[in-house]
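Trainee: Sequence:
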Amino acid sequence: MNSENIETTPVLIVGGSLVGLSAAVFLSWQGVPVVVVEKHRGSSLHPRAIGYTTRTLEHFRQTGVEIPSSLQGTKPPRRARVESLTGTWFEEYPWTPGGKGGAYGAEESPVHATAIAQDRLEPILRERATALGAQLRQGTELVGFTQDADGVTANLRRREDGSEYRLRAQYLIAADGADSPVRAALGIDRHGEGLLSVQRSILFRAPLEEYLEHGVVQFEIRQPDFDAFLTTYSDGRWVLMLSDDVERDTEAQLAAVRRAIGRTDIPIELVTTGRWELAARIADRFSAGRVFLMGDAAHQLPPNRGGFGANTGIDDAHNLAWKLAAVLSGQSAPALLETYDAERRPIAELRREQLFARADYKAYLQTPKSDVPVLDDVSIELGQLYRSAAVLGAGPELPAAQTPQQWAGAPGTRAPHLWITVGDKECSTLDLFERGWVLLSEDARWADAATSASRTLDIPVEFVRIGVDATPVDGYGFDTAYGLTGTGASLVRPDGYIAWRAATAPDDPAPALTDALAHVAAPAGRGIR
1 MNSENIETTP VLIVGGSLVG LSAAVFLSWQ GVPVVVVEKH RGSSLHPRAI GYTTRTLEHF
61 RQTGVEIPSS LQGTKPPRRA RVESLTGTWF EEYPWTPGGK GGAYGAEESP VHATAIAQDR
121 LEPILRERAT ALGAQLRQGT ELVGFTQDAD GVTANLRRRE DGSEYRLRAQ YLIAADGADS
181 PVRAALGIDR HGEGLLSVQR SILFRAPLEE YLEHGVVQFE IRQPDFDAFL TTYSDGRWVL
241 MLSDDVERDT EAQLAAVRRA IGRTDIPIEL VTTGRWELAA RIADRFSAGR VFLMGDAAHQ
301 LPPNRGGFGA NTGIDDAHNL AWKLAAVLSG QSAPALLETY DAERRPIAEL RREQLFARAD
361 YKAYLQTPKS DVPVLDDVSI ELGQLYRSAA VLGAGPELPA AQTPQQWAGA PGTRAPHLWI
421 TVGDKECSTL DLFERGWVLL SEDARWADAA TSASRTLDIP VEFVRIGVDA TPVDGYGFDT
481 AYGLTGTGAS LVRPDGYIAW RAATAPDDPA PALTDALAHV AAPAGRGIR
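Taking UniProt numbering, the leading residue of the sequence shown gets 1, the next gets one more, and so forth.
No lab work stands behind these hints, which were simulated from the structure alone.
Fair warning: this is a prediction, and the values are worked out from it, not measured in the lab.
Check each hint, because a few of them may be wrong.
[Unchecked claim] Each pair of labels, with its calculated beta carbon distance range:
id	residue 1	residue 2	range
1	R166	R455	40 to 46 Å
2	D469	P373	47 to 53 Å
3	T146	R445	51 to 57 Å
4	S329	G423	42 to 48 Å
5	E160	G393	51 to 57 Å
6	A185	D448	26 to 32 Å
7	A149	P123	34 to 40 Å
8	P123	T264	43 to 49 Å
9	R158	G475	56 to 62 Å
[Stated by the list, open to error] Derived lysine to aspartate or glutamate pairs resembling DMTMM-like cross-links, with alpha carbons at most 20 Å apart:
id	residue 1	residue 2
10	K39	D161
11	K39	E213
12	K39	E83
13	K39	E107
14	K39	D265
15	K39	D150
16	K425	D469
17	K39	D148
18	K425	E349
19	K425	D458
20	K39	E164
For every residue, glycine included, the Cβ atom is placed at its ideal position computed from N, Cα and C.
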């Protein structure tokens, strides 16, 4: 290695799969140069994730990631318990037991949940990240790293020729999977239910479209001595999941697929196989110094009907991106980054808890545990609560999640979606929240308050007067959705979460807003109080 010439980058991302690529998109869109290293040359032949929830699609929409329409529609995939595709159909049951079976809060958003195979989505993310300026280095692996008070020095190896070089980053993001070498090097332990089971999967192609005519795309196969799970990627590919850890030869794989189908006259093309560990583990910390964990490196959540795995990791990336951008630009103090762990780790714990409240995984619990109520999809997806120093007014007495209507724009929650017109364009209130801080109010007095706070703290705050700069399409609903009176105001963070709210305007709005912004935005030189 050349010890004299060391490359530099503000952020190094280790792991170029879904979460790492999403982080690259979100950071690059914020104007932060990033380098992504991924040891593999491309996506896995065996696609893993397929379902992407409403909030994930909001992140992609915001940053210009265009996802093709799903062949499975916009509602949660339907599931049935069957003897086989051609055998007895025992029952179809709700996507979320105890829930209302909604479409992840589609009525609360300008977008819908969607389905796309992971190996189809990753190239879209690579293309968008590259277009935004990210450097993607596939076939490159992290050998080791050290960190100090000023940054992280990574030793990297090109797998093609074995050559090594060093790269200096101000921050490192570990999106390197459940077995994360970065997390292990940091000595961060994990807790949770641990390993639940080991499963084998068979990816294959077969002309089985006729069995999708009812709209069911997931099938629990129940036969004597044969329990399996069969689902389609809606592109001619199917995957059969077997709840055992048995290595099968070609003939045994074909026999298992035919048993699940219930026919022997269907041509089957075997594509590949996989071995999967179903486990529930949460890292004890999501950061250490200048290194941040996200995705499976931070929380291993087994597949389920809530789509918690990949989507939780993508949400991690979105949460951290604006904070890194604010700190790297000198706008905010590094103390802002401490709120990443404070906000995201409780969400991982909430989703792990919800996993084991559902019948899919409840049986895995080895110790007595009180029943946990199953939350509606929309509560988990669009109604999670952040409690941290970057939020004012999200106390410990509040629930971890509830519906957007119940929250009514409370601090610590995602800003509600309303259809609005801006000029001659119809859009969503979510389109107002992009790279900076936004203050919403119907009262013109808050304009001067925003100007004063911006000037005092050197943090730009855009004031949007509802009814003038942006008008609700229905004419009403803003105050109700955001929990304000006609004079109140809501301060929204760059990630679209409400940081502070004044339900009614104080006599002098300027010092109130300045004080709130000084608390939640960690202005450089002040830190978070």
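Trainee: None of the hints should be skipped; say for each whether it holds.
Mentor: Each hint, compared with the structure:
Restraint check, R166 to R455: a C-beta distance of roughly 42 Å satisfies the suggested window 40 to 46 Å. About 41 Å separates the C-beta atoms of D469 and P373, a value inconsistent with the hinted range of 47 to 53 Å. Look at T146 against R445: about 52 Å separates their beta carbons, and that is inside 51 to 57 Å. A beta carbon spacing of about 29 Å between S329 and G423 contradicts the range 42 to 48 Å that was offered as a hint.
At about 53 Å, the beta-carbon gap between E160 and G393 stays in the expected band of 51 to 57 Å. For the pair A185 and D448, the supplied restraint of 26 to 32 Å is violated, since their beta-carbon distance comes to about 51 Å. Between A149 and P123, the C-beta spacing of about 38 Å keeps the proposed range 34 to 40 Å intact. Between P123 and T264 the beta carbon distance is about 36 Å. The supplied range of 43 to 49 Å is therefore violated.
Under the hint 56 to 62 Å, the C-beta atoms of R158 and G475, about 60 Å apart, fit the expected range. A distance of roughly 13 Å separates the Cα atoms of K39 and D161; the hinted pair therefore holds under the 20 Å criterion. Between K39 and E213 the alpha-carbon distance is near 40 Å, which puts this suggested pair outside the 20 Å criterion. Among the hinted pairs, K39 with E83 is inconsistent with the structure: their alpha-carbon atoms are about 41 Å apart, more than 20 Å.
Taking the CA atoms of K39 and E107, the gap is near 40 Å; set against the 20 Å cutoff, the hint is violated. At most 20 Å may separate the alpha-carbon atoms for a hinted pair to count; K39 and D265 exceed this at roughly 41 Å. This hinted pair does not check out: K39 and D150 have alpha carbons roughly 26 Å apart, beyond 20 Å. For the proposed pair K425 and D469, the alpha carbon gap of about 12 Å is at most 20 Å, so the pair holds.
Taking the CA atoms of K39 and D148, the gap is near 25 Å; set against the 20 Å cutoff, the hint is violated. Pair hint K425 plus E349 does not hold up; C-alpha atoms about 40 Å apart against a cutoff of 20 Å. The hinted pair formed by K425 and D458 fails the criterion: a straight-line CA distance of about 31 Å is larger than 20 Å. Among the hinted pairs, K39 with E164 is consistent with the structure: their alpha-carbon atoms are about 13 Å apart, no more than 20 Å.
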